[in-house]
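Asker: Each chain is listed here by its residues.
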Amino acid sequence: MSIATQEGVTGQDHRVFVTGCEAVARAVMTAKPSVIASYPITPQTEIVEKLSLFIGENGSECQFIAVESEHSALSACIGASSCGVRTFTATSSHGLLYMAEMVHWAAIARLPIVMANANRALGSGWNIWADHLDALSLRDAGWIQFFASSVQEVYDTILIAFRVAENEGVMLPAMVNLDGFLLTHINQPLNLVDDDLYISEFLDDLKMEHALNFDSPHTLGTLIAPTDNYRVQHDRKVGMERAKTVIREAEEEFLRLFGRAYSPVPEYRTDDAEVLLVAMGTLAKEAEEAVDIMRFRGIKAGLLQVRQFRPFPDEIIDILERSPADTIVVVDRNYSGGCGGILAQEIKARLYSADVKREIVSVIAGLGGQDISAEDLVEIVKIRGGEYWWGI
Amino acid sequence: MVVAETKKQDRLSKNRINKAEYLLKGNSSCPGCTAMLAIRHILKAAGPDTFALVGACCAVVCEGVYPNTCMAIPTLDTAFACTAAMASGVRAAVRDRGINVIAIAGDGGTVDIGVQALSGAIERNDDFLYVCYDNEAYGNTGMQRSGSTPFGAVTTTTPFGKREDKKDIAAIIGAHNPPYMATACASYPIDLQRKVERALSIEGTKFIHVLAPCPPGWRISTDKAIEVGKLAVKSCSFFLYEMEERKIRMSKPSINAIKKPIPVREYYRVQGRFARMSDEEIEISQQKIDANIAYFREVCDL
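Sequence order for the protein chains is C and R.
Okay, so the first sequence: first residue is 144 according to our numbering, each after it adds one.
Okay, so the second sequence: first residue is 64 according to our numbering, each after it adds one.
Careful, some of the hints might be misleading.
Stated by the list, open to error - Computed footprint of chain R on chain C; a stretch qualifies when at least three of its residues, placed anywhere within it, have a C-beta under 8 Å from a C-beta of chain R:
(1) 366–376
(2) 403–415
Claimed, not checked - Derived CB-CB ranges, DEER-like:
(3) R:Gly89 with C:Ser359: 15 to 25 Å
(4) R:Pro94 with C:Asn356: 27 to 37 Å
(5) C:His247 with R:Pro279: 28 to 38 Å
(6) R:Arg282 with C:Asp348: 53 to 63 Å
(7) R:Ala83 with C:Ala368: 39 to 49 Å
(8) C:Asp348 with R:Arg160: 18 to 28 Å
(9) R:Gly89 with C:Val499: 50 to 60 Å
(10) C:Gly481 with R:Gly89: 47 to 57 Å
(11) C:His377 with R:Arg328: 54 to 64 Å
(12) R:Arg158 with C:Arg374: 28 to 38 Å
Stated by the list, open to error - Short, incomplete list of chain C residues facing chain R, as computed with Cβ under 10 Å:
(13) Gln206
(14) Phe207
(15) Ala209
(16) Ser218
(17) Gly227
Because the hints were derived from the structure by calculation, they are not lab data.
Keep in mind the model is a prediction, meaning the values are calculated, not measured.
C-beta atoms are modelled at their ideal positions from N, C-alpha and C, and glycine is treated no differently.
Work the whole structure out from these sequences, hints included.
Answerer: The structure is reproduced here in C-alpha cells:
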C-alpha cells in the first residue's frame, strides 16, 4: 500500500516489508476497532496517516476522529469505549504526557483501549528521538505496558494487546511501545496474520458489562467516597494481577495459531551466562548482537529482554534466581531524576523482596536517541559499580 | 417546511411539557439551583433515548455519590477539559441518529478549560448537542472567577469585583458557524425546551448557552433565582436568540427587552455580588449594554 511495501504471498503467510508505524496500522486494522481517535506527533505520524489511508481504502466501518489534541484523542476513545466498542489511539512523548490525565482515567474506568506509543524524548530542547521516559512517566497509571524490539514484535504485540485488554477479568487499557525512529521509521520484513483467523479464533467480540446502555441506565464516573474508591482501586489491582496469566495464555494461543512465540521476558543465550544484560525495546535487539560478539570472543554473556513492563513480570525473579550470572547489567533508556534508571530500580526491588543477591549495575544509555551500537554494549557489559552514564 | 416547523414550535406549551423526569428527585443541588432546573428541562425535551455526558462541574456533584445517581438515562461523567471530545467519542460509537447525545458542562468547563475540545468538535461538526450552563463562575469549587464572570462581580478570586468583561462564548462559537446555536435562560423553560428540540432535530454540533443564576454564588435568596434570570434578560445583560446559517433570530423575551430595556442597575442591585460596583462602574456597564442593544437591533433588524 505504501511505496516501501513489497507484498508477496508465501503459503498462507503474507509477508511484507514495512515500517514499525505501518505494522501498527496493519495490526489495528486486523483487530477491526470501531473508533480510532488520534493526533499526529513525530515519530508516530505515519501510524495516523496509514490508518486514515487504510480506513478510506477499505471502506472500513471504523470511524477515525481527527481530534485537535492528544487530550481529546484519548478522551474520544474513552467516550467511545464507555459505550462498549473497540477503540485505538496512538501517540508519543509530549502527546502522551498531554493526555496523561486521561491515561489514568482510562485505567480507573476499566476501559480496554489499546494505544501505540512511539517512545521519544521530552523537552525542553526539542528532541524527537528514542527515549523511554515518556511511557515510564506513566508506569503507575495502571496500563498494561509492552516494549517491542522489532517490527514483527510491534505488530504481534498490538494483536495480543487487544485480546488481553478486553479479557473480562482484565478490562484494562494496554500500551504498546515502539522506539521512535529505531522502529517507527525502520523497514523490516513482517509476516502478517490471517485477518479472518485472527477475528474468528483469537479475538472475541468485545463484551463490557459496565458499558453505557439503555437496558440498565447507569452513570459512569460519579463522585465516589473513600471506601468505594479504595475498593475500585483494589479491583483494578486484581485485574492487573489477572493480566499476568491472561497475557501468558494469549501468547500461547498466538503461538498455536500464528507460529510466533512470545513471553514476558524473552531470554537470549542465558543458560550458562556469567553476565547478563537486561534491556527494553530496540536496545534489547542490539544487545543480542552484542551477546553474539561477546560469545565469539569467549565471554559468557546473555540477555534478558523485558518485553512486558506492566504488570511487571514475576518470571524475571525465577530467571535471575536460576541464572549462574552474578552480575546483571541493566541498560536504561531513561533516567528518573534523583533515582537513576527505572528498569534497574524495578529489578533491584524485586530481587530484594525475593532475597536473591546479585550485583546490579545500572547503566543509563541511549537517551534522546543517543546511538548505542552492539560494540558499545560489549563495553557497557564491562562496567561495574552503581550508576553509570554511558558516553559522558 | 419552515411553516410546518413554526407550527410545531408553537405547540410547545406548558401543557405539552414531557411529564417524565430524567433528572430524579433527591439530588444534591443547592436550594434554588437553576442549573439543575435547566438540565431537568433539557432532558425532558430530549426524552428517554438520550446519552448524557456531564463535564466536571456542579452538575456532577449534584448527581449524587456512588452508587447513587439522579440521572435516569445513561450518563458519562467526564474530566474537565474534555467534555466535547468525549461526546465525539460517544457519538462515534453510537451512530443511530435516533439516539441523542447531549454534553453538559459549566461555564468554566466550556469557555475556559474546555474551549479547545469544543472548538475541535464543532470544526469536525460531530453530531451532538453541547449545553453550557453558565453560572458565571467556578461554582463547584466555591465561586472563583471564570472567563464567563461579568465585569464588576465579586467572586472569591475577585474580592473587589472582576475588572475584565465576560468572555463572549456565543460569539466564539458563532464564529465556527455551527448548524445551530442558541442562548437560553433557566427562567424561560418553554423557550429552553423549544431550543433543545430544534437543536436535536439538526445533524452536526449544536450549542446552547444557558444562563443559570446561582443563589449562593450570586448572593441572592433562593426564591429570587428565577426572577434574577428574567432581570438579566429584561436588562439586556443577556440576550436570548438562535443562530442558524449565521443568521441571528432574536427570541421573544429579548425582542421585548430590546424594545424597552430596564436599567442594568435594577439587575445588579438585587445581587450581592455586584454590591461593590460604584455608580461610575455601573454606568460603564450600562454603556456596554446599550452598545450591544444597538448591535443586535441592527443585525436582527429590530
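Asker: Hint by hint, say whether it matches the structure.
Answerer: Comparing the hints with the structure gives:
Under a criterion of three residues with beta carbons nearer than 8 Å to beta carbons of chain R, the stated coverage of the segment 366–376 of chain C is upheld, 4 such residues being counted. With 0 residues having a Cβ less than 8 Å from any Cβ of chain R, the segment 403–415 of chain C misses the three-residue criterion, and the hint is violated. Between R:Gly89 and C:Ser359 the CB atoms are about 19 Å apart, so this pair conforms to the stated range of 15 to 25 Å. With their beta carbons about 34 Å apart, R:Pro94 and C:Asn356 fall inside the hinted range of 27 to 37 Å.
Between C:His247 and R:Pro279, the C-beta spacing of about 31 Å keeps the proposed range 28 to 38 Å intact. Here the CB-CB span from R:Arg282 to C:Asp348 is close to 55 Å, well matched to the stated 53 to 63 Å. A hinted range of 39 to 49 Å is violated for the C-beta pair R:Ala83 and C:Ala368, which are about 30 Å apart. A beta carbon spacing of about 24 Å between C:Asp348 and R:Arg160 agrees with the range 18 to 28 Å that was offered as a hint.
Hint check: R:Gly89 to C:Val499, Cβ distance near 57 Å, so the stated range 50 to 60 Å holds. Under the hint 47 to 57 Å, the C-beta atoms of C:Gly481 and R:Gly89, about 50 Å apart, fit the expected range. Taking 54 to 64 Å as the suggested C-beta distance range, the pair C:His377 and R:Arg328 conforms, at roughly 58 Å. The hinted range of 28 to 38 Å is satisfied by R:Arg158 and C:Arg374, whose Cβ atoms lie roughly 35 Å apart.
Contact between C:Gln206 and chain R, as hinted, is supported at the beta carbon level, the nearest pair being about 4 Å apart and thus within 10 Å. Using the Cβ-Cβ criterion of 10 Å, the hint placing C:Phe207 at the interface with chain R is satisfied: the shortest such distance is roughly 9 Å. The beta carbon of C:Ala209 is positioned within 10 Å of a beta carbon in chain R (closest approach about 7 Å), and the interface hint is therefore held. A hinted interface residue such as C:Ser218 counts as satisfied when its beta carbon comes closer than 10 Å to some beta carbon of chain R; here the least separation is about 3 Å, so the hint holds.
Interface hint at C:Gly227: satisfied, since its Cβ lies 7 Å from the closest Cβ of chain R, which is below the 10 Å cut-off.
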